[in-house]
Amino acid sequence: MSKFKKKTKADTNIPTSALPDIIFMLLFFFMVTTVLREQEILVEQKIPQATQLQKLQKKTLISYLYIGKPKNTSLYGSEPRIQANDVLINTSDIILWVNQEKDNLSEAERDQITISLKADRDVKMGPISDIQFELREADARKLMYASVGKVENN
Amino acid sequence: MASKRGRMSQEVNAGSMADIAFLLLIFFLVTTTIASDKGILNILPPKQDPNQPPPEVELNERNIFNILINANDDLLIEGEFRNNTDGLSEEIKSFVLNFGNPDEDAVALFNELPPSLRGLAEQSPESSDHPMTGGAVISIKTNRGTSYETYLEVLDLVKKAYFEIYGERVGLTAEQYRALSGQTAAEKELIDRGKDRIPMAISIAEPDKIGS
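Protein sequences, first through last, are from chains A and B. When you number the first sequence by full-length UniProt numbering, it's gap-free, plus one each residue, and the end is 154. When you number the second sequence by full-length UniProt numbering, it's gap-free, plus one each residue, and the end is 212.
Since the hints were made in silico from the structure, they are not lab data. Keep in mind it's a predicted model, so treat the numbers as computed, not measured. Some clues are possibly wrong.
[As the list claims (entries may be wrong)] Facing chain A, according to a computed beta carbon distance under 8 Å, are these residues of chain B, among others:
no.: 1; residue: F22
no.: 2; residue: D37
no.: 3; residue: I140
no.: 4; residue: D156
[As the list claims (entries may be wrong)] With a Cα cut of at most 20 Å, we get these calculated EDC-like pairs of lysine to aspartate or glutamate:
no.: 5; chain 1: A; residue 1: K124; chain 2: B; residue 2: E164
no.: 6; chain 1: A; residue 1: K55; chain 2: B; residue 2: E175
no.: 7; chain 1: A; residue 1: K124; chain 2: B; residue 2: D208
no.: 8; chain 1: A; residue 1: K55; chain 2: B; residue 2: D208
no.: 9; chain 1: B; residue 1: K93; chain 2: B; residue 2: E164
no.: 10; chain 1: B; residue 1: K188; chain 2: B; residue 2: E168
no.: 11; chain 1: B; residue 1: K47; chain 2: A; residue 2: D111
no.: 12; chain 1: A; residue 1: K124; chain 2: A; residue 2: E134
no.: 13; chain 1: A; residue 1: K150; chain 2: A; residue 2: D120
no.: 14; chain 1: A; residue 1: K59; chain 2: B; residue 2: E206
no.: 15; chain 1: B; residue 1: K38; chain 2: A; residue 2: E137
no.: 16; chain 1: A; residue 1: K142; chain 2: A; residue 2: D130
no.: 17; chain 1: A; residue 1: K150; chain 2: B; residue 2: D208
no.: 18; chain 1: A; residue 1: K46; chain 2: B; residue 2: D37
no.: 19; chain 1: A; residue 1: K46; chain 2: B; residue 2: E149
no.: 20; chain 1: A; residue 1: K142; chain 2: B; residue 2: D37
no.: 21; chain 1: B; residue 1: K141; chain 2: A; residue 2: D130
no.: 22; chain 1: B; residue 1: K47; chain 2: A; residue 2: E137
no.: 23; chain 1: A; residue 1: K150; chain 2: B; residue 2: E189
no.: 24; chain 1: A; residue 1: K150; chain 2: B; residue 2: E80
no.: 25; chain 1: A; residue 1: K55; chain 2: B; residue 2: D37
no.: 26; chain 1: B; residue 1: K188; chain 2: B; residue 2: E175
no.: 27; chain 1: B; residue 1: K141; chain 2: A; residue 2: E134
no.: 28; chain 1: A; residue 1: K124; chain 2: B; residue 2: E168
no.: 29; chain 1: A; residue 1: K46; chain 2: B; residue 2: D73
no.: 30; chain 1: A; residue 1: K124; chain 2: B; residue 2: E206
Yeah, the Cβ is synthetic: ideal placement off N, Cα and C, and Gly gets one too.
Throw the hints in and build the complete structure from the sequences for me.
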């Protein structure tokens with residue numbers, strides 16, 4: 001009986017002193033995984049859907065090209081434009097841009113550079129194929145059509 | 001020491017610490033954009049040497065699966081007009097695995113395939129000879145006015161057909177096969193076994209300018 005008595009005496013409060021630690025752990029997780037958007041996207045981005053998506057392992061090898069109708073049509077017109085880093089470029093500047101991106105990579109990784117083409121779904125194939133031609137010229141042949149997952153309906 | 005115990009409490013009140021941490025946590029939760037580096041991979045052909053014309057590749061018409069997409073996003077698949085892509089990946093699967101005119105190596109490959117894929121071999125003389133290099137090619141030709149979305153949809157279905165074949169060869173679903181990263185030796189072996197002797201032969205032609 002004495003044992004039972006002891007139990008009733010015990011403190012029933014849950015110790016909450018470890019709660020800040022748990023929250024901090026979560027906080028650090030999100031701080032580490034966060035990629036603050038370092039650039040403003042100047043073109044419209046409605047990424048098309050696809051089912052057969054693949055993930056790339058090394059994110060440092062990826063360079064992004066954004067293609068779409070400019071958001072500020074009064075300044076840049078309504079034809080699809082290409083955005084690299086934070087400026088709009090012309091198709092002829094792609095080779096230069098690819099070489100700049102390659103310079104940021106180490107010597108051994110330069111030929112593994114992958115271009116992620118973030119194209120708006122309303123873009124026509126004309127500009128896309130021009131870009132592909134320039135990328136071939138620049139010898140950056142690994143290309144990824146960025147797309148978001150689609151729920152398969154079969 | 002005794003004097004310390006004598007006082008009421010010298011600890012800093014840490015109860016609000018959780019609130020501060022929560023506030024920060026919520027800030028980072030809201031600002032986080034988990035980068036989605038997903039997409040459809042495509043390897044472009046090497047750059048053309050202006051002095052050398054592109055090598056002429058002789059392929060029989062029956063070994064090419066033609067997909068044409070015009071400026072109105074209509075499809076012409078093997079000479080047949082379509083305005084949707086229903087069933088395209090099944091057709092491509094049976095085209096690739098047709099084994100219409102296999103040579104010795106192709107027969108050996110055929111015998112290694114799992115029975116479910118062997119069942120797809122119709123051995124039709126009008127379809128591809130064998131799925132190995134130079135056997136079955138999927139050709140996608142677009143127009144400059146074709147929408148990117150339709151092009152990607154078709155490319156997606158072609159990839160789907162191939163991934164289903166690869167996955168079935170190693171006893172995985174297409175999704176599981178795609179998720180293989182090749183970072184461990186076992187995964188690399190699975191990837192290689194899946195695509196062994198069945199290359200993903202997708203030819204993407206330069207879009208034409210007329211009729212747009």
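A quick look at each hint next to the structure:
Of the supplied interface hints, the one on B:F22 holds, with its beta-carbon coming within about 6 Å of a beta-carbon of chain A, less than 8 Å. Interface restraint check: B:D37 against chain A, minimum CB-CB distance 5 Å, threshold 8 Å, status holds. Given the 8 Å rule on beta carbons, the hint for B:I140 is violated: about 10 Å separates it from the nearest Cβ of chain A. Evaluation of the B:D156 hint against chain A yields a held restraint, the C-beta minimum of about 4 Å falling below 8 Å.
For the hint pairing A:K124 with B:E164, the CA-to-CA distance comes to about 29 Å; that exceeds 20 Å, so the pair is violated. A distance of roughly 12 Å separates the Cα atoms of A:K55 and B:E175; the hinted pair therefore holds under the 20 Å criterion. Under the criterion of a C-alpha separation no larger than 20 Å, the hint pairing A:K124 with B:D208 is consistent with the structure, at around 13 Å. Restraint check: the Cα-Cα separation between A:K55 and B:D208 comes to about 31 Å, which exceeds 20 Å; the hinted pair is violated.
Between B:K93 and B:E164, the direct Cα distance comes to roughly 8 Å. Compliance with the 20 Å bound is thereby established for this hinted pair. A distance of roughly 16 Å separates the Cα atoms of B:K188 and B:E168; the hinted pair therefore holds under the 20 Å criterion. Simply put, B:K47 and A:D111 have alpha-carbon atoms about 14 Å apart, close enough for the 20 Å limit, and the pair holds. The hinted pair formed by A:K124 and A:E134 meets the criterion: a straight-line CA distance of about 17 Å does not exceed 20 Å.
For the given pair, A:K150 sits about 16 Å from A:D120 by alpha-carbon distance, which is consistent with the 20 Å threshold. Taken as a hint, the A:K59 and B:E206 pair is broken in the structure, with Cα atoms around 29 Å apart against an allowance of 20 Å. Only pairs whose Cα atoms come within 20 Å are accepted, and B:K38 paired with A:E137 is rejected, the gap being roughly 25 Å. Distance check on the hinted pair: A:K142 and A:D130 sit about 16 Å apart at the alpha-carbon level, within 20 Å; holds.
Restraint check for A:K150 and B:D208: the C-alpha separation of about 29 Å exceeds 20 Å, so the hint is violated. Annotation: proposed proximity of A:K46 to B:D37 holds, straight-line Cα distance about 15 Å (limit 20 Å). Restraint check: the Cα-Cα separation between A:K46 and B:E149 comes to about 10 Å, which is no more than 20 Å; the hinted pair holds. Of the pairs offered as hints, the one joining A:K142 and B:D37 holds, with about 14 Å between alpha carbons and a cut-off of 20 Å not exceeded.
Distance restraint check for B:K141 and A:D130: the Cα-Cα separation of roughly 15 Å lies within the 20 Å cut-off, and the hinted pair is therefore satisfied. Only pairs whose Cα atoms come within 20 Å are accepted, and B:K47 paired with A:E137 is accepted, the gap being roughly 5 Å. Taking the CA atoms of A:K150 and B:E189, the gap is near 29 Å; set against the 20 Å cutoff, the hint is violated. For the hint linking A:K150 to B:E80, the alpha-carbon distance of about 27 Å lies beyond 20 Å, and the restraint is violated.
Restraint check for A:K55 and B:D37: the C-alpha separation of about 6 Å stays at or below 20 Å, so the hint holds. Using a Cα cut-off of 20 Å, the hinted pair B:K188 and B:E175 holds, with the two alpha carbons roughly 16 Å apart. Taking the CA atoms of B:K141 and A:E134, the gap is about 19 Å. The hint holds against a cut of 20 Å. Distance check on the hinted pair: A:K124 and B:E168 sit about 35 Å apart at the alpha-carbon level, beyond 20 Å; violated.
Note on A:K46 and B:D73: the hinted pairing holds, with a Cα-Cα distance of about 18 Å set against a maximum of 20 Å. Simply put, A:K124 and B:E206 have alpha-carbon atoms about 13 Å apart, close enough for the 20 Å limit, and the pair holds.
Taken one by one, the earlier hints fail for this structure at numbers 3, 5, 8, 14, 15, 17, 23, 24 and 28, listed in ascending order.
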